Amino acid sequence: MKKLFVIFILLFAFSNLSFAETKDELCVIADSAIVAASKIRGLKQKRDVPCYVRDKEKVKAYLLDAIEKKMPAEKLINEGILYKALGFLPKDFDYKNGIIELYLSQLGGYYDPEEDYFVMAGWMPKVLQTTIAVHELTHALQDQEYDLSRLIDPLTGTSDHLMARSALVEGDATAVMFDYSRKLMGQEGLAVEDNVDSIIMQNVAGSAFMTGMQGTPSSLQYMLLFPYTSGLRFAHYLLKKGSYQEIDKAFKKLPSSTEEVLHPEKYFSSKSDYQQISDEDIIKHLPGSEIVYRDTFGEFSVSALLSTYFKDHLKAAKAAEGWGGDAAAILKLESDKKVIVWKTLWDTESDAKEFYDAYTKALTKHLENWTLNTASGKQEFANEDQKVSLSITDNEVFLLVE
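Numbers in the working numbering are just positions in the sequence shown, counted from 1, shifted up by 138.
Every clue listed holds true.
Calculated lysine-lysine pairs in the BS3-like style (CA-CA distance at most 25 Å, straight line): (1) Lys222 to Lys516; (2) Lys177 to Lys391; (3) Lys229 to Lys476; (4) Lys177 to Lys387; (5) Lys391 to Lys184; (6) Lys516 to Lys503; (7) Lys196 to Lys264; (8) Lys208 to Lys198.
The following label-pair restraints were derived from C-beta to C-beta distances: (9) Leu452 to Glu403: 18 to 26 Å; (10) Arg185 to Pro210: 29 to 37 Å; (11) Leu322 to Lys449: 37 to 45 Å; (12) Glu487 to Asn235: 38 to 46 Å; (13) Ser356 to Thr509: 25 to 33 Å; (14) Gln183 to Pro263: 24 to 32 Å; (15) Glu206 to Tyr255: 15 to 23 Å; (16) Ser356 to Ser407: 29 to 37 Å; (17) Glu418 to Gly515: 24 to 32 Å; (18) Gln183 to Gly353: 36 to 44 Å; (19) Thr512 to Glu418: 25 to 33 Å.
Simulated from the structure, these hints should not be mistaken for laboratory data.
None of the values given here were measured: they were computed from a predicted structure.
All C-beta atoms, glycine included, are put in the ideal place defined by N, C-alpha and C.
Model the full assembly from the supplied sequences, consistent with the hints where possible.
Have a look at this one:
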């Protein structure tokens, strides 16, 4: 799931509660919060950041307006088509409205880098507002130093690139937030911890899954949380390596894939561990076709897809670990018919077979009422309207939906 628009939010689950305060009572918090964030993060505040308090209806209106202005309707439609065809989402899921409701149910505040202002969610309990403000105003400091709108542009990057960059941005801000809270309690910073898994379960994933996500496809839940959970692990790795100065270096040499976020040692490798798939590499499978839309999902999204169909999430993650590149595309044939392809490359033939077997099981569940034919050596699913075939050749797995 690409960031549909460039805002930076903090997720909290306090739906069905109302703790509204006046603007003056809440926004006075922002002045001290940005000073605290600046001191921890080591980034100077270069200009003032206006603060506003909004209720849920105004925030929802903002989110809808942001999508209309910053995300072409056709791009959003094509993204939803791919997700449904490949098994990320049920075919009857309302992708656009589902995303809005998911964000709204979890949002605790946000920073808009294009307009350079901070919004506090008026319905959040006041006791949490300072912590939220520290997180969001860390984004303001990042923006003043590195220009977040440039770093994360939903119109130019692939899903994999944008999720990796979002993980750096959100992981950094989440680390500052926890360092702030730990300092108040007289504790040392996150860098002294061997890992942050327990912190993530108690404070990020745990609270976010408690409310507000019921009825949302699992894959979207995982992708929404990824920048905060895996992002915090990535930031923690950098902090242990060289404090917040190491994170500054990462803003200048950005992670290029979610694979590098999940496996930070690959981020520091001098050689890329995955292959770029060109347009020609896609079209050669269906000569004469034309690419209408394409994207790259990356290791984490593959893991999220498989986790949707497997209770054993570690097994799903392991099946995605050998990811070596991918490209999903909507193609228009010479007959004007549109088909969908997904080409994935794997580090070894064994990795490809592991994914092929896992994805076959996932498709069997996703297409549970379709007929399955394996006589050709492929996994061929069919119903009255469509045909889906999955094949494997060496270290390549190829899906065709027609």
